[in-house]
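Q: Chain by chain, the residues:
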Amino acid sequence: MRLSLADVRRTFGGLKAVDGVGFEVDAGEVHGLIGPNGAGKTTLLNLVSGLIRPTAGAVTLEGRRIERLPTHRIAALGITRTYQNIRLFPALSAAENVLVGSHLRRSDPLWRRMVFAPGYRREEADALQRALSLLARVGLEDRARERASNLSYGEQRRVEIARALASGPRVLLLDEPTAGMNPSEVASIGALIKEVARAGHSVLLVEHNVKLVMDVCDRITVLNFGRVIADGTPAAVAQDPAVIAAYLGAEG
Amino acid sequence: MNAESLRDLWLTYQSTVAFIGLNGLLALSVYTTLSCGQLSLAQAGFMALGSYASAVLTLHTQAPFPAVLLAGTLVPALVAVPLGLPVLRLKGVFLAIATIGFGEVVRIFFVNLDFTNGALGLVAIPQRTHVLTIYGALAVALFVLWRIQGSRAGYALEAIREDEPAARTMGIHATAYKLSMLVLGAALAGLAGALDAHFNFMVEPSSYSFGRVVEMLVFAVVGGTTVFYGPVVGAAFLTLLPEVLREVGGRIGLQPGPLRLFVNGLVLLLVILFLPSGLVSLPRRIRRWLEARRAAAHAA
Numbered sequence: 001m002r003l004s005l006a007d008v009r010r011t012f013g014g015l016k017a018v019d020g021v022g023f024e025v026d027a028g029e030v031h032g033l034i035g036p037n038g039a040g041k042t043t044l045l046n047l048v049s050g051l052i053r054p055t056a057g058a059v060t061l062e063g064r065r066i067e068r069l070p071t072h073r074i075a076a077l078g079i080t081r082t083y084q085n086i087r088l089f090p091a092l093s094a095a096e097n098v099l100v101g102s103h104l105r106r107s108d109p110l111w112r113r114m115v116f117a118p119g120y121r122r123e124e125a126d127a128l129q130r131a132l133s134l135l136a137r138v139g140l141e142d143r144a145r146e147r148a149s150n151l152s153y154g155e156q157r158r159v160e161i162a163r164a165l166a167s168g169p170r171v172l173l174l175d176e177p178t179a180g181m182n183p184s185e186v187a188s189i190g191a192l193i194k195e196v197a198r199a200g201h202s203v204l205l206v207e208h209n210v211k212l213v214m215d216v217c218d219r220i221t222v223l224n225f226g227r228v229i230a231d232g233t234p235a236a237v238a239q240d241p242a243v244i245a246a247y248l249g250a251e252g
Numbered sequence: 253m254n255a256e257s258l259r260d261l262w263l264t265y266q267s268t269v270a271f272i273g274l275n276g277l278l279a280l281s282v283y284t285t286l287s288c289g290q291l292s293l294a295q296a297g298f299m300a301l302g303s304y305a306s307a308v309l310t311l312h313t314q315a316p317f318p319a320v321l322l323a324g325t326l327v328p329a330l331v332a333v334p335l336g337l338p339v340l341r342l343k344g345v346f347l348a349i350a351t352i353g354f355g356e357v358v359r360i361f362f363v364n365l366d367f368t369n370g371a372l373g374l375v376a377i378p379q380r381t382h383v384l385t386i387y388g389a390l391a392v393a394l395f396v397l398w399r400i401q402g403s404r405a406g407y408a409l410e411a412i413r414e415d416e417p418a419a420r421t422m423g424i425h426a427t428a429y430k431l432s433m434l435v436l437g438a439a440l441a442g443l444a445g446a447l448d449a450h451f452n453f454m455v456e457p458s459s460y461s462f463g464r465v466v467e468m469l470v471f472a473v474v475g476g477t478t479v480f481y482g483p484v485v486g487a488a489f490l491t492l493l494p495e496v497l498r499e500v501g502g503r504i505g506l507q508p509g510p511l512r513l514f515v516n517g518l519v520l521l522l523v524i525l526f527l528p529s530g531l532v533s534l535p536r537r538i539r540r541w542l543e544a545r546r547a548a549a550h551a552a
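In the order they appear, the protein sequences are chains A and B.
Residues in the first sequence are numbered consecutively from 1, following this note's numbering.
Residues in the second sequence are numbered consecutively from 253, following this note's numbering.
FYI, nobody ran anything at the bench for these hints, they're computed from the structure.
This structure is a prediction, so every number in the text was calculated from the model and none was measured.
For every residue, glycine included, the Cβ atom is placed at its ideal position computed from N, Cα and C.
Misleading hints may appear alongside valid ones.
What the hints assert, rightly or not - Label-pair restraints from in silico Cβ distances:
1) A:ARG105 to B:GLN401: 18 to 26 Å
2) B:VAL345 to A:SER152: 29 to 37 Å
3) B:ARG545 to A:GLU141: 27 to 35 Å
4) A:GLY14 to B:LEU337: 29 to 37 Å
5) B:GLY463 to A:SER4: 55 to 63 Å
6) A:SER4 to B:PRO318: 57 to 65 Å
As the list claims (entries may be wrong) - With the C-beta cut set under 10 Å, the calculated list includes, among others, these residues of chain A facing chain B:
7) HIS103
8) ASP108
9) PRO109
Could you put the whole structure together from the sequences, leaning on the hints where they help?
A: Right, dumping it as structure tokens:
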């Protein structure tokens, strides 16, 4: 099992934002995480990516406990993410943002640049080339030199995905990647997610677009008030009375 | 103009040229931490450590000048590590206040240190710094910062400046980068201090007050902190300004002192309001303005 969560809890004062959540994500699996607003989905992504620490419970990446590690170590072990409220580096260009994302994959030490050691130019050109081809993968090759803050909302979301992919993560966390996108953009993101999973990355997807979730996810975990209320294949989850009750209100 | 008058001119302005170089180094020492978004104001303290360490070595040992300069660079750099580990956890104005506190502690330490003559400071330090030494040091500093810009580390620094938590989730060890830049800034400030001590014959605690670090910050802000050479441009501009004002003020019958403070403040205000990227962005701004005018003329 690539990523597993066991009885993860996080409280903010008296609020139990995440209250004993556990599920597992396999290699190459697209795992959906859905639930009403305030269910604890983003908190859970913040816990997995190390931005906040759990109050209790275990997060395990390929057999290794990671929930107490510093954020940059968790990224180095292979978990990167995008953000619900886009967090690109606004003053950098689209290509530079992706280049920052490839920080972990680049090794070129500074001293080689200082002494103009042979080969450093090619390494930098290679890194830039990788960044540009990732931008091409999300359909933004002609926007590479544009400042991130000048890009449209949908374009910024796609740069974020390219940036998160640039380190070659084992697990990619996507926090509402299609928010604010039009249907054709949503379809292209869906295709991208499937392609990423086929390449062997696991994807943990938080998303409100039910059609997309049903379409791309292998398994879905449904949260409500910080607890798992259902877990299974998209078809099974869609039939689950607890899920229907949470979304539409219980009958009687 | 003959050789004689050229030499006179050099003798008159030699110290101004030297101060441009020294102030350039000091402005760069503030820039290093600003480049990753940290406002550290400990640089006057680091400069004091460099000045005193080098002056004590020269006065009490036979150490050759390069070794003295090295000590003046390394002492503050080593002090920056245990200082940085706790204070770099602070952000924004809290970091600024904590580092101001460090600077004041260093200054008051030397005021009370009998070994270095307390508030009177050390005098009769032999003059060993040549103008060329200063510019050599400045060139090395500029070279290093030039090579960092655009490198993997350089992008990591920019990412930390733009959004530190997001940078961390990209695998960037933000604390290590911030600490490295604080150490580099401390080394530059210490080197400038050591050069300064062996140029001005003396060091005294009052030259390392809070006002000194504000001056360095103003150099960097006026020049521009988006490119590595901006702070040096700012330092050169603001160091030359009083010389120009003295000439002008003398002709129109104004006291140079008050005029200088007024013009310095005015320049800072104008740059912050109209040129937030500093003087180095002026050529680009003018070019854009001309293009816009030409386009408007075409449209009309």
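Q: Next, verify each hint and record whether it holds.
A: Going down the list of hints, with the structure as the test:
no.: 1; hint: A:ARG105 to B:GLN401: 18 to 26 Å; in the structure: 21 Å, holds
no.: 2; hint: B:VAL345 to A:SER152: 29 to 37 Å; in the structure: 34 Å, holds
no.: 3; hint: B:ARG545 to A:GLU141: 27 to 35 Å; in the structure: 34 Å, holds
no.: 4; hint: A:GLY14 to B:LEU337: 29 to 37 Å; in the structure: 34 Å, holds
no.: 5; hint: B:GLY463 to A:SER4: 55 to 63 Å; in the structure: 58 Å, holds
no.: 6; hint: A:SER4 to B:PRO318: 57 to 65 Å; in the structure: 59 Å, holds
no.: 7; hint: HIS103; in the structure: 5 Å, holds
no.: 8; hint: ASP108; in the structure: 6 Å, holds
no.: 9; hint: PRO109; in the structure: 8 Å, holds
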